[in-house]
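Novice: Per the working numbering, the very first residue in the sequence shown carries number 75; after that it's consecutive.
It is possible that some hints are incorrect.
Subject to a maximum C-alpha distance of 25 Å in a straight line, what follows is the list of computed DSS-like cross-link-like pairs (lysine-lysine) [claimed, not checked]:
| no. | residue 1 | residue 2 |
| --- | --- | --- |
| 1 | K164 | K257 |
| 2 | K112 | K150 |
| 3 | K191 | K257 |
| 4 | K112 | K164 |
| 5 | K191 | K243 |
| 6 | K191 | K88 |
| 7 | K257 | K88 |
| 8 | K164 | K150 |
| 9 | K150 | K243 |
Hints in this document: simulated from the structure, not taken from any laboratory.
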Amino acid sequence: MEACDKGTVPLQGKTQQQYVNARYLVVNEAAGPSRLDKGVPRGYAHSPQGAVVAAMNVFGYGLPAQGDEIGQEIDKAFWSTSASVQDELKFQGKSSEWGLKNSRAHLVPGADAFAVKECSPNVVVVEVAFVEPDVLKGTAASEGDSVLRVPMFWRNDDWQPDFSGSADKLMDATGADLNQFTKVVYQ
75 MEACDKGTVP LQGKTQQQYV NARYLVVNEA AGPSRLDKGV PRGYAHSPQG AVVAAMNVFG
135 YGLPAQGDEI GQEIDKAFWS TSASVQDELK FQGKSSEWGL KNSRAHLVPG ADAFAVKECS
195 PNVVVVEVAF VEPDVLKGTA ASEGDSVLRV PMFWRNDDWQ PDFSGSADKL MDATGADLNQ
255 FTKVVYQ
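Let the hints inform the model, and build the full structure from the sequences given.
Specialist: If you want it as structure tokens, here you go:
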């Protein structure tokens, strides 16, 4: 795995948003993903860049409670460790087949920027920003913007989100200093 310093991880190669399974999937030619398993993005590079792209897909392509068969697989793969998401699914009645029946995929464009907060060979903590274009020139995310944090762990030869413990409570990082973020350039 390439070494990384917090906040200084460039995405090498071309990064695209591809419309796949009624969702936007972020794909980087060097970092992945290289395949979909039951609709779940897999095959990321064992690098900080692979963790960054995987994190972007957790909060874009992989939103919870999307209702279709792929959404159910995403819930199992990405959100099973998030107590708050599991509680919300139960509250909305989306933890049952009946509750998911009328749910549809939410179309969310790829992230606008990212920051690596912690980095080691098998754990990378990434913050992902969805902001108005001019906000990246400012200092902090505003009310309409979202900054989300996810610890990514290298497990079973791929990057996996893990929201167990305090990570679930720290997911919302709105108000983060956007001067520390790297803008994603889609081509």
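Novice: Quick one, are K191 and K88 close enough, alpha carbons at most 25 Å?
Specialist: Holds, at about 23 Å.
Novice: Does the alpha-carbon distance linking K112 and K164 stay inside the 25 Å limit?
Specialist: holds (23 Å)
Novice: Does K150 lie within 25 Å of K112 when you go C-alpha to C-alpha?
Specialist: Given pair K112, K150 holds - Cα atoms ~11 Å apart, limit 25 Å.
Novice: Under the criterion that the straight-line Cα-Cα distance not exceed 25 Å, is the pair K164, K257 satisfied?
Specialist: violated (35 Å)
Novice: Between the alpha carbons of K164 and K150, is the straight-line distance 25 Å or under?
Specialist: holds (14 Å)
Novice: Run the distance test for K191 versus K243: straight-line Cα separation, threshold 25 Å.
Specialist: Holds, at roughly 16 Å.
Novice: Given the hint that K257 pairs with K88, test it: the Cα-Cα distance must not exceed 25 Å.
Specialist: Holds: K257 and K88 sit about 14 Å apart, inside 25 Å.
Novice: Are the Cα atoms of K150 and K243 separated by 25 Å or less?
Specialist: Roughly 19 Å separates the two Cα atoms, so the pair holds.
Novice: Are K191 and K257 close enough, with their CA atoms no more than 25 Å apart?
Specialist: holds (15 Å)
Checked against the numbered hints above, the structure breaks only hint 1 and satisfies the rest.
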